[in-house]
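Using the hints, position chain B against chain A.
Chains as they are written, first to last, in our numbering: chain A, 30 to 166; chain B, 2 to 358.
Where hints are given, some of them may not hold.
Each computed DSSO-like pair below joins lysine-lysine, with the alpha-carbon atoms no more than 27 Å apart [unchecked claim]:
#1 A/LYS97 <-> B/LYS76
#2 B/LYS76 <-> A/LYS82
#3 B/LYS76 <-> B/LYS211
#4 A/LYS97 <-> B/LYS149
#5 A/LYS82 <-> A/LYS97
#6 B/LYS286 <-> B/LYS321
#7 B/LYS155 <-> B/LYS99
#8 B/LYS93 <-> A/LYS97
Derived by calculation from the structure, the hints in this document are not laboratory data.
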Amino acid sequence: MRPGLEAWLQCIYVTDRWLALICALLVIGACIGTLGNSGEEIVVIHDAQAQEKLWPLNRNLLLSVEGKLGPVQVEVNDRRVRLLEYRSPRLVGTMTGWINRTGQVTACIPCGVVIQIKGRGAGTMTPSHEAYDGIIR
Amino acid sequence: MKGGLVMRDLHFKPIVPLLLLLAFLGFWLLWKNPSHQELHATTRLAMGTLVSVSTWGATEAEDENGVNWVFSRIKEVESWASKQIPSSLVYKINHSPKGTLLEVPEELVTVVHTGLEIRNLSGGAFDPGLGYLVDLWGFGNGVAEEGKIPETQKIAAWLEERNKHHDFGIQWVKTANGGMAIQWGGFAYELDLGGIAKGYAMDLAMESLKLSGIPNALIVAGGDMIIAGSKGGKPWRIGIQHPRDHNKVMAFAEITGDMAMSTSGDYERFFMANGERQHHILDPKTGKPSRSGLISVSIQTSTSIKADALSTAVFVLGMKEGKALIEKLDGVEGMLVHENGERWKSPGFKGQWLEGS
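If we strip away everything but chain B, and leave its shape as in the complex, we get:
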């Protein structure tokens, strides 16, 4: 009996590797099946740019739910922060008579306060009140279609109005119900939150994803990006566009964990006139496109709102003062490119230059 069992077991042995092989093949094919991939990516148009949301490890239903939350939060911010939408709060403020008192929600207070904080830190290089200038240069609608430099007198009139006041022309007034109201200082302080509200929307969008149960995600909106977690333990791979060749990546970063990054450059929105690149990053001191010599600035920090505003500020400040500002601030890292070829990145910047870029 015992001997018979031994014989059967010996005969049975050839089936074991066959079963293992079949099982392995089955699992391998299932793993390769795209419906089991854990990376989901969705791209839509929002805030005048392409917004891509990538999630890792979520089911299709969780991803869809999270992505819908993201775009709904972004749309909410756009609905009050856009200076082009007539129903938005910023539009209403900008089109009110000088000195009008308007009660504003906490979100707008947060964005404008952060903008003013970066303005103070950068000695005025970042300014949330350049709305009039932005329209004058034709960048208000996203892309300046026809290159046309504004009349010098109009820029001079704006600068003259600005120079009349030492303080920023927006006053905050506490309302009786504990809220805040804004008292607007006229055309020289027309709000343009384009350089900061997108960052704020990105922070809210990532918060929404996390609240909907997605801890690993990447959101990219033009020059702004926010990251959380990883791709199953692997870092998110981020490329930074070359400022003079939109098909090339000049640097890349592998990032795990929570981080925001923002890039400002003279290459996304511009037109050529008088032999010069007339781009959308305006210097509040001249009323004209910044001529600091920098052509690309990337900032990494904890929140997208700060990264967004700081990248603009450093761009306007230039290489020397920009480096000084980055080094002065805790938790802020930067990567700068000058038109003369000079490059610099702070020691803590997560990323490296690509050879030949």
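Next up, chain A with everything else stripped away, as it sits in the complex:
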């Protein structure tokens, strides 16, 4: 042990060392938790039958789900997701393009298909991602 550090450690109580250790563990734990969460976003897919499918955003996927007007393709690629409608009148969902942030939604209402990106667990949303809590249309 280096002489400076040894001298420094000698001048603190044992209980203080434990306290320092607990604080250090707290920081390490929080770091792991925060970094670990960045890869845990999930894609929630609701099809026309109100069936819910979950898929990790970090795993690529090309899936055909049942829509009221015919099949609708859902593509997950490179940590983003998009919806490709087949027979929707205005193709609003297709025109929305890729979404990639927690809380974002793309949907084909006539098809009855909704896709949302959620964070870990029950779907948290980072407020800074969106300027508004809701947009009335």
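Same frame as chain A, but now just chain B:
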């Protein structure tokens, strides 16, 4: 001995800021951790539109429970108020022979009564009995896929039938067990509760959230919105869509406390024909899309059911009469946009125009 203690304390001092720094870092990282964010948002499809429920301050389990309640209440309302679902009560009423007496639940009585109240207040600008016309124009299923203006004779026949009666063609009859029955007046009074039942469902949904222990929430369903409480003391931030650019917000409001807001516009469900925008807000006096000149109307009031019906009524009335109606009613505020660029908002309307919108 005393001197030794003083020395130890002096040596100990460098650890204190280090511990404080570590503790601060720990709490900061935990706070930044998304699982500790207090805002939860869920979006699902219901009542033919996207319904978003945001809650503040609830645990994940409380949020999930509350959100399930919300969608279950909305589904309940949809199950009797939809005119497309063959098992719904409204469908049954609309498909019964004229004059049929049908016992109805209190909820339907409340919605139709409120609709008729707004109809009277607005001189007929809002009408819960436009079902036949809505189908004729192709808006019955949410989106008119192919733009096609209905035959003039069919609209004329509807207007003629309507003009035969001074009263609205629905009669209420008290049943022997104290309930209510509805006597339907035929095709000219086919119920379409699309302009009011969603508002009613929103009121019930918010009530469910509060009962499940969530006092701070925001529910948005297309043009309808209901708010309760705040986001940890901060207001909910609401954007109002630009009527001619769906990627833009033309106004915003910061709202704390209980309030409902509804927007009616000619931009959500429409098709172009004869060089005109054929939209879903029909004028009961002409049987055609309203040509009042207004393109967006937002109403703020205490309940979503009233906000929903009043925004349609004001849209049909136009700028002058719409303003007069808003000013006449207590606890009702409005924001109107005319196609000629004219804008107006009542003094108590919570919200402001965005520059350049």
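Verification of the hints:
Restraint check: the Cα-Cα separation between A/LYS97 and B/LYS76 comes to about 18 Å, which is no more than 27 Å; the hinted pair holds. Restraint check: the Cα-Cα separation between B/LYS76 and A/LYS82 comes to about 20 Å, which is no more than 27 Å; the hinted pair holds. For a cut-off of 27 Å, the pair hint linking B/LYS76 to B/LYS211 stands: about 18 Å separates their Cα positions. For the suggested pair A/LYS97 and B/LYS149, the alpha carbons sit about 23 Å apart, so the restraint of at most 27 Å is met.
A C-alpha spacing of about 17 Å is found between A/LYS82 and A/LYS97, which places the hinted pair at or below 27 Å, so the restraint holds. For the given pair, B/LYS286 sits about 17 Å from B/LYS321 by alpha-carbon distance, which is consistent with the 27 Å threshold. In summary, the hint linking B/LYS155 to B/LYS99 is supported, as the alpha carbons are separated by about 18 Å, within the 27 Å threshold. A threshold of 27 Å between alpha carbons decides the hint, and for B/LYS93 with A/LYS97 the separation of about 24 Å falls inside it, so the pair holds.
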